[in-house]
Each structure stands twice: as structure tokens, then as C-alpha cells.
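**Student:** In case you want the letters, here they are:
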Amino acid sequence: QLQLLESGPGLVKPSETLSLTCTVSGASINSNHYWGWIRQPPGKGLEWIGSIYYIGTTYYRPSLRGRVTISIDTSRDHFSLHLTSVTAADTAVYYCAREETTYGDYGSWGQGTLVTVSS
Amino acid sequence: QSALTQSRSVSGSPGQSVTISCTGTSNDVGGYNYVSWYQKYPGKAPKLMLYEVNKRPSGVPDRFSGSKSGNTASLTISGLQAEDEADYFCCSFAGGSFAGGGYLLFGGGTKLTVL
Chain A
1 QLQLLESGPG LVKPSETLSL TCTVSGASIN SNHYWGWIRQ PPGKGLEWIG SIYYIGTTYY
61 RPSLRGRVTI SIDTSRDHFS LHLTSVTAAD TAVYYCAREE TTYGDYGSWG QGTLVTVSS
Chain L
1 QSALTQSRSV SGSPGQSVTI SCTGTSNDVG GYNYVSWYQK YPGKAPKLML YEVNKRPSGV
61 PDRFSGSKSG NTASLTISGL QAEDEADYFC CSFAGGSFAG GGYLLFGGGT KLTVL
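If you read the sequences in order, they're chains A and L. Going by the numbering used here, the residue at position 20 of the first sequence is 20; the numbering climbs one at a time, nothing skipped. Going by the numbering used here, the residue at position 71 of the second sequence is 71; the numbering climbs one at a time, nothing skipped.
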């Protein structure tokens, strides 16, 4: 059974870089899927951050382009999120997920991890 | 890019039907049949309920159905049950193809209360 697990620091200082890793188990990350990051700020709705195809092609939320990088390591079955120059507005629960067959059908999700941006 | 528009809350009694709407533009909801819906309980990960407007993943009850008209997509839950009380989010592809700068947009979410 496919499982995704987010890991990384729970506290990041303003202006620094937020880095998270999603470890995939129960299935190969080297498969015909997009792997994505979605976040939910406290009390707000879901926000798509970006996706990476298993061959490494990336697609990002327009407002985050320039700050966000998603990478994939198929040899270690994980993909990562790096978000630079963070502010308090980047405080959120961050989820990793797998698109199953088409745009926006994230059928498998990690449990989520809270990242707080604060000095 | 602005979030898709959803009403903040909706309610219904057990056994009734409710419809949650999701309004976008011709650049997202109206332009593609890539609308999905997610159910989310507090503190839990979202669960995919519908994709491509009206397709149900395996295991999702047929009480959940979807439709789209113009720039508005809708999720209808019939035969409401207590466990349906949750937040519901729509999601749409927008802006062309992924290779052409496309992206995904979520709605702001609708809180469903089962009375």
C-alpha cells in the first residue's frame, strides 16, 4: 500500500529556506505519476504549490515561481520541496501527494507537517 | 491567480441532499473538465471524492456526484449522513497545459454541517 511521509524542520526563520522531504514507500516513485506539494495555512483553504513528474519535469504555482523548487530522487524514493525567502505567510501544514491519472486527482496523501515561520 | 469561489458553509439534515458550488472562470473551471473535489476533516489529510468533474475513485459512495455548467462546478451529496460533516474543497486545472505554464487552483473550502 502506497504511503507518503513528510519530514523536515517544524520551525523556520523569516528570510530563510523551508525544506521538506516526502518519502514514498509501498510503490516506486519512478512511475508514471506527478508528485505534488499542497499546503494549508491556519484557518485557510488548500493551496497548490507545485508538482514534479517522475522524470523530473516541474510545474509551479505562478505566484511562487522564483522561490520554489521541487526535486525528485528516484534512487531513494523521495521528492523534496525548497521554498526560499519565507515569511509568516508561508506558515502552513504542508502535504505531499500523488496524482493518480490526471490533473488534480491526488488520491494518495501524506499526513501533513506543520511548518511555522517565526524568529 | 485567485482561488476558486465556494460558499463558506452549507447545512442539511440527515437523509437530505446538499449541493456545494465552485465558481471560477473560463481559464479554469469553464475551460477544462479537470475539476476534482476533496473532503477534509480537521487535522487529517484531504480525501479525493471526485475527479474529472464526475468520476468517483474506488470506494467513494455513489451518494457523491459532480457536475459542471459553464464556469461553475457542483458537488452534490445525497442521503446526507453524519460522517459527511467536513470541509469540502474543489480543485481545477487552469492556464493551458502543464508544459505551457498550467497550474492547479483550489477553492476556499465549504464547511458542511449535518444538522
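There could be a bad hint or two in this list.
Unchecked claim - Think about it this way: if two alpha-carbon atoms lie no more than 30 angstroms apart in a straight line, the pair counts; the simulated BS3-like pairs of lysine-lysine are:
1) L/LYS47 / L/LYS68
2) L/LYS111 / L/LYS47
3) L/LYS44 / A/LYS44
4) L/LYS111 / L/LYS55
5) A/LYS13 / L/LYS55
6) L/LYS44 / L/LYS111
7) A/LYS44 / L/LYS111
8) L/LYS44 / L/LYS68
9) L/LYS55 / L/LYS44
10) L/LYS40 / L/LYS68
11) L/LYS55 / L/LYS68
12) L/LYS44 / A/LYS13
13) A/LYS13 / A/LYS44
14) L/LYS68 / A/LYS44
15) L/LYS40 / L/LYS55
16) A/LYS44 / L/LYS55
17) A/LYS13 / L/LYS68
18) L/LYS40 / L/LYS111
19) L/LYS111 / L/LYS68
Stated by the list, open to error - These stretches of chain A come out as covered by chain L in the derived footprint (C-beta under 8 angstroms, 3 or more residues):
20) 20-28
21) 40-47
22) 56-65
What the hints contain is simulated information worked out from the structure, not anything from laboratory work. Only a predicted model underlies this, so the values are computations on that prediction, with no experimental measurement involved. All residues carry an ideal CB built from backbone N, CA and C; glycine is no exception.
**Student:** Would you pick out the hints that fail for this structure and give their numbers low to high?
**Tutor:** Hint check: 5, 17 and 20 fail, others pass.
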